[in-house]
Amino acid sequence: MANALIDFILVSVALLAIGIYGIAVKRNAIRMLFGIEMIINSANLNLVAFSRYIPNSQGQTLALFSIAIAAAEVAVGLALVIVAYRMYRNIDIADFRSLKG
Numbered sequence: 035m036a037n038a039l040i041d042f043i044l045v046s047v048a049l050l051a052i053g054i055y056g057i058a059v060k061r062n063a064i065r066m067l068f069g070i071e072m073i074i075n076s077a078n079l080n081l082v083a084f085s086r087y088i089p090n091s092q093g094q095t096l097a098l099f100s101i102a103i104a105a106a107e108v109a110v111g112l113a114l115v116i117v118a119y120r121m122y123r124n125i126d127i128a129d130f131r132s133l134k135g
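Under the working numbering, think of the first position of the sequence shown as 35, with each following residue one higher.
In short, the hints are calculated from the structure, not lab data. Quick caveat, the model's predicted, so the values are computed rather than measured. Do not rely on the hints blindly, as some may be mistaken.
Computed cross-link-like contacts, SDA-like style, restricted to lysine to any residue with a CA-CA straight-line distance of at most 25 Å [as the list claims (entries may be wrong)]: (1) Lys60 / Leu49; (2) Lys60 / Ala113; (3) Lys60 / Glu71; (4) Lys60 / Ala128; (5) Lys60 / Phe99; (6) Lys60 / Val45; (7) Lys60 / Gln92; (8) Lys60 / Leu79; (9) Lys60 / Leu98; (10) Lys60 / Ala77; (11) Lys60 / Gln94; (12) Lys60 / Ala48; (13) Lys60 / Ile74.
Just the calculated beta-carbon pair ranges, DEER-fashion [as the list claims (entries may be wrong)]: (14) Ala38 / Ile64: 33 to 39 Å; (15) Ile64 / Ile103: 17 to 23 Å; (16) Arg61 / Gln92: 37 to 43 Å.
Even for Gly, the Cβ is constructed at its ideal location relative to N, Cα and C.
Could you put together the complete structure from these sequences and hints?
This is the structure in structure tokens:
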């Protein structure tokens, strides 16, 4: 039983590492959004895994709210990317620095 929990945690750590790599190294806005989604999915996997093995835990409910918030975050993020692409014809993060005004 504890072995299965460790398996969930290992997959979650792998998702977290891939997400952090995607945010830290990539300069493409869409790839950075994917990295953020990987980190959120890593947290959701932990919530669901621990709620399965800890009685009276509300991890699945919290994961459901987190998924809804992540969907809204993606919608706003993609809208910003589309506006930036229309302005600059590029979605490189270095070009967004000139938006400071």
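Worksheet entry | Violations among the numbered hints, reported as their numbers in ascending order | 5, 7, 9, 11
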